[in-house]
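Got two chains here, separate frames each, mind docking them using the hints?
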Amino acid sequence: MPQAKRKRDNSTRNASEYCTTNQSNQQETTDNTTSPAAPRPAKIPSIFQMRLLTHNMLSSNIKGVANGFPLKIEVVKVVEKEVDFNIDFLKNMFHKVEWKALVEASTTMGYAELPENADATMLDSDDFLHKFHHALLELHLEEGALVCPQTGRKFPVQKGIPNMLLHEDEV
Amino acid sequence: MKLKLKQLEGLLGSLEQFSTPKIELEQYPTGAHIASRMLYTAENSFEDVNSKVVADFGCGCGTLGLAAGLLGAESVIGLDIDTESLEIASANMDELELDMDFIQCDIRNLKRRGQIVETVVMNPPFGTRRKGADMDFLSAAMKVASQAVYSLHKTTTREHVKRAALRDYNARSAEVICELRYDVPQLYKFHKKKEVDIAVDLWRFVPQRRQERSL
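Heads up: the protein sequence lines correspond to chains A and B, in order. In the working numbering, each residue carries its 1-based index in the first sequence increased by 1316. In the working numbering, each residue carries its 1-based index in the second sequence increased by 21.
One chain only, chain B, in its complex shape (with noise of 0.2 Å):
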């Protein structure tokens, strides 16, 4: 039986979320409004998922990774630097009954074997605190990935994503299936609004199709 958007995003709404942000790594939480959209989107319009192998990259606290096994991937894995986040995440994992397999690593310093992973979704930092931070997202979930990458990347960055993707990522795609608002709460001292929105493209790239490797 196939989850309804609405549970979807019901399911995703009971997770927990990072107690105590670490502004260095830009954690914000994943809202289950947006990520139910992605995931919903990547399998429904795209068949990403379902029998999937899916990596959610700074998994945080799992949402997009969960997410996927609740619309059936055969296999997710969540990387993320953080052991505080992924504490919390093996905890949405229990509470979801699902399997998720986890790996602490730097992404930056990924060392990949190839396209073995299907899909990669993630909610990359914005690069506001560390210059780049997005882009060095971007650029090892398109090593890793046979069959797409999801991502969200601020609005004012299109035409920047958009270039780097084709001319340095190796994709073969790249597009925006929709613009999303994202609503910051008020999490850091120095944020002096309560709220904030910012306006988020949702991406998808489709990398060049490798050789497969033969045994």
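Chain A on its own, in the form it takes in the complex (with noise of 0.2 Å):
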């Protein structure tokens, strides 16, 4: 099997050996990887992004911090970035989000759209799913800071990654 020696002299990194199910199958079955690789996309320029999506998962986690969640949101820059719109992943989206912490941070970057109030009835009116969409997927915070909603202190954001990392008196 001489693909499989050649496989592992040219890869310095990786691992082998690939079996579909169960340990059970730890038999070679070594495949070729010798097929060339897909062509190369053509460099763009940088976007950085924060999207909502992520800042409603983000809590403040500093020690004795009980009431970390919503962060505040400071805006230095706001770039707006079209994405594809998926129906089925919105509605399931819909029962995970916190849908107040959504609409005041979607005010804050300067979209008001949304309504203060939703319930699962509106998922079937599609200019409430574009809102939705837009609101939790197409607005990026690329520079700013969250704040902790107790104690203020602020986790910057820059290049569109928050800094969540504590000092050491706050662990």
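Source of the hints: derived by calculation from the structure; they are not laboratory data. Take the hints with a grain of salt, since some may be wrong.
Okay, the calculated bits of chain A under chain B, using three or more residues with CB under 8 Å as the criterion [said to hold, decoys possible]: (1) 1370-1377; (2) 1398-1407; (3) 1471-1485.
The calculated lysine to any residue pairs, modelled on SDA-like cross-linking and capped at a C-alpha distance of 20 Å, are [to be verified]: (4) Lys-1397(A) <-> Asp-120(B); (5) Lys-132(B) <-> Glu-1486(A); (6) Lys-1475(A) <-> Asp-120(B); (7) Lys-1397(A) <-> Lys-1475(A); (8) Lys-1407(A) <-> Arg-230(B).
Just so it is clear, CB atoms sit at the ideal spot from N, CA and C, and this is done for glycine as well.
Put into structure tokens, the structure is as follows:
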């Protein structure tokens, strides 16, 4: 099985042996890795992003903080970016997001189109779904901060990456 | 159009890896071979990736998260403590023209808000430098995933991992999907051999369902 040897030779960092089901199937099912790699996509300029979907999951993690959610948003720069619309995903996410936090965050980011209150019956409305989609996935905080609602401690957001690392006395 | 395993591996093989890995964080690159198989199995055997929210814990250069993105995850979030890793991961994201959100945080201090992601994928530190690091990751992952957690652990820890997952981390099931060889290249000075094979298990953990939040 010359293929197997070859593979081992040209991969310095990869693991081998793959079996689809159980550990009972540990025999060498090594496949060949000789097919050409898919073409590389062209380089595009960086888009830094933090969506409100991510914001909706984050909570202040400082020791002793009981009400760390939702984090307030300080906006320096917001970017918008179009993404594909996926109804099933939105319907699923609707039951997972904290609606009030999303409305508040979206308003802070300059998009005030979401209704104050929402229930599952609204998922039949195309208009509602598109607004929900835009707020959840297309609004990005590029520069700014997330602020702990209880202590006012700021977690900086730079290049779309929130820094939630704590100082020693906060752990 | 669905990606084939070979195409996935090819794309991941083009990604940039750690230039100066940090031993205290046990930074070892997740190879394209292992990463492609991990995510391919998650999608094709269990439907845990496509249209899902996927988090990559300790994402490093982003290989596993980006693999999830390539297989159609609706949203991918990479978490890592290390600035440099996140920069490389961002560059890799650009290279593949994918979207991925990143959060810089210490997995141990992650404050969760319920099971908001469906699937967590990770190649955690094996806990050889700081004992228990692997279990810290697993514990945190089991708290945020609603559907499945995929993780790599040394085969020598199999019994321990299983026991801890079922007893302490609220797992409904903990299964070794397959055993893999993890080729650790000579990255650090203390490595005496050029390359070492470690036997690792690819695990799939299923968390207990919790009540869904009502609005």
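Mind checking the alpha carbons of Lys-1475(A) and Asp-120(B) for me, to see if they're no more than 20 Å apart?
Satisfied, since the Cα-Cα distance of roughly 14 Å is no more than 20 Å.
Is Lys-1407(A) close enough to Arg-230(B), meaning Cα to Cα at most 20 Å?
holds (19 Å)
Proposed proximity, Asp-120(B) with Lys-1397(A) (alpha carbon, max 20 Å):
holds (10 Å)
Does the alpha-carbon distance linking Lys-132(B) and Glu-1486(A) stay inside the 20 Å limit?
Holds, at about 13 Å.
Satisfaction of hint between Lys-1475(A) and Lys-1397(A), Cα-Cα up to 20 Å:
Holds: Lys-1397(A) and Lys-1475(A) sit about 15 Å apart, inside 20 Å.
Against chain B, does the segment 1471-1485 of chain A show at least 3 residues with beta-carbon separation below 8 Å?
With 8 residues in contact (Cβ-Cβ under 8 Å with chain B), the coverage given for the segment 1471-1485 of chain A holds.
So is the segment 1398-1407 of chain A in contact with chain B by the C-beta rule, three or more residues under 8 Å, or is the coverage claim wrong?
Holds, because 4 residues of the segment 1398-1407 of chain A bring their Cβ atoms closer than 8 Å to Cβ atoms of chain B.
Taking a Cβ-to-Cβ distance below 8 Å as contact, does the segment 1370-1377 of chain A have at least three residues touching chain B?
With 7 residues closer than 8 Å to chain B, the segment 1370-1377 of chain A meets the three-residue bar; holds.
Hint violations for this structure: none, all hints satisfied.
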